[in-house]
Amino acid sequence: NAGVTQTPKFQVLKTGQSMTLQCAQDMNHEYMSWYRQDPGMGLRLIHYSVGAGITDQGEVPNGYNVSRSTTEDFPLRLLSAAPSQTSVYFCASSRNRVGSYNEQFFGPGTRLTVL
Amino acid sequence: DAKTTQPNSMESNEEEPVHLPCNHSTISGTDYIHWYRQLPSQGPEYVIHGLTSNVNNRMASLAIAEDRKSSTLILHRATLRDAAVYYCILRESGSGGSNYKLTFGKGTLLTVNP
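Sequence order for the protein chains is A and B. Number 101 in our numbering belongs to position 101 of the first sequence; there are no gaps in the numbering. Number 1089 in our numbering belongs to position 89 of the second sequence; there are no gaps in the numbering.
One or more of the hints may lead you astray.
Here are the simulated DSS-like pairs of lysine-lysine, each with C-alpha atoms no more than 25 Å apart in a straight line [said to hold, decoys possible]:
#1 B/Lys-1069 to B/Lys-1003
#2 B/Lys-1101 to A/Lys-9
#3 B/Lys-1069 to B/Lys-1101
#4 B/Lys-1003 to B/Lys-1101
#5 B/Lys-1003 to B/Lys-1106
#6 A/Lys-9 to B/Lys-1106
Pairwise CB distance ranges (calculated) [what the hints assert, rightly or not]:
#7 A/Thr-15 to B/Glu-1011: 39 to 47 Å
#8 B/Ile-1074 to A/Tyr-101: 16 to 24 Å
#9 B/Leu-1080 to A/Thr-5: 23 to 31 Å
For the record, the hints were derived by calculation from the structure and aren't laboratory data. Small disclaimer: the values here were computed from a predicted structure and weren't measured. Glycine is no exception: its CB is placed at the ideal position from the N, C-alpha and C atoms.
With the sequences and hints as input, model every part of the structure.
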């Protein structure tokens, strides 16, 4: 298994540009989520999905859109990039097994700079 | 989610045990204690979790106080590869995957000296 993969690894945008951060997992996990991590901070939840066709907002959703058309993919879209969105973005996935612990698996991250 | 308090940083020597503390005085009866760690330039990875009893796995041990208001992550023999930020996280775990929304604090930066 490749686990959780994210592309691109690095990206530089200009203010106002749009782009999509890709996230895929090959573990057939029901749950997927996006976090951002700013310097010296812990991770903050942006959006999450409990299954294909279902998404919901996390702690810091403004400026980001998500969709979940398949179990494997969970792209994060920046509609109009702003310097405040400069951050490292992590995608994560986990199972939904009733009565069991469902650890989260994280991708390697995408480092985004908005000029 | 209940709040956790961890020291900002700790230092250890290679091959010595490390005890990483976490205070969670407002923990509720259904909160699980999770530990994740983040190695430099990587995403977080799961370390261990527990509810009431002490837990051991291949990576670490988790010692939970009897009143559950604190816990300690124990690395039995620190290696240079254990240098990372360690996050102590509380999350209510019901019937299903409620662990998918984790709230990360700033964690403890562990430095391991050779």
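A quick look at each hint next to the structure:
no.: 1; hint: B/Lys-1069 to B/Lys-1003; in the structure: holds (11 Å)
no.: 2; hint: B/Lys-1101 to A/Lys-9; in the structure: holds (24 Å)
no.: 3; hint: B/Lys-1069 to B/Lys-1101; in the structure: holds (22 Å)
no.: 4; hint: B/Lys-1003 to B/Lys-1101; in the structure: holds (14 Å)
no.: 5; hint: B/Lys-1003 to B/Lys-1106; in the structure: holds (12 Å)
no.: 6; hint: A/Lys-9 to B/Lys-1106; in the structure: holds (23 Å)
no.: 7; hint: A/Thr-15 to B/Glu-1011: 39 to 47 Å; in the structure: holds (41 Å)
no.: 8; hint: B/Ile-1074 to A/Tyr-101: 16 to 24 Å; in the structure: holds (19 Å)
no.: 9; hint: B/Leu-1080 to A/Thr-5: 23 to 31 Å; in the structure: holds (27 Å)
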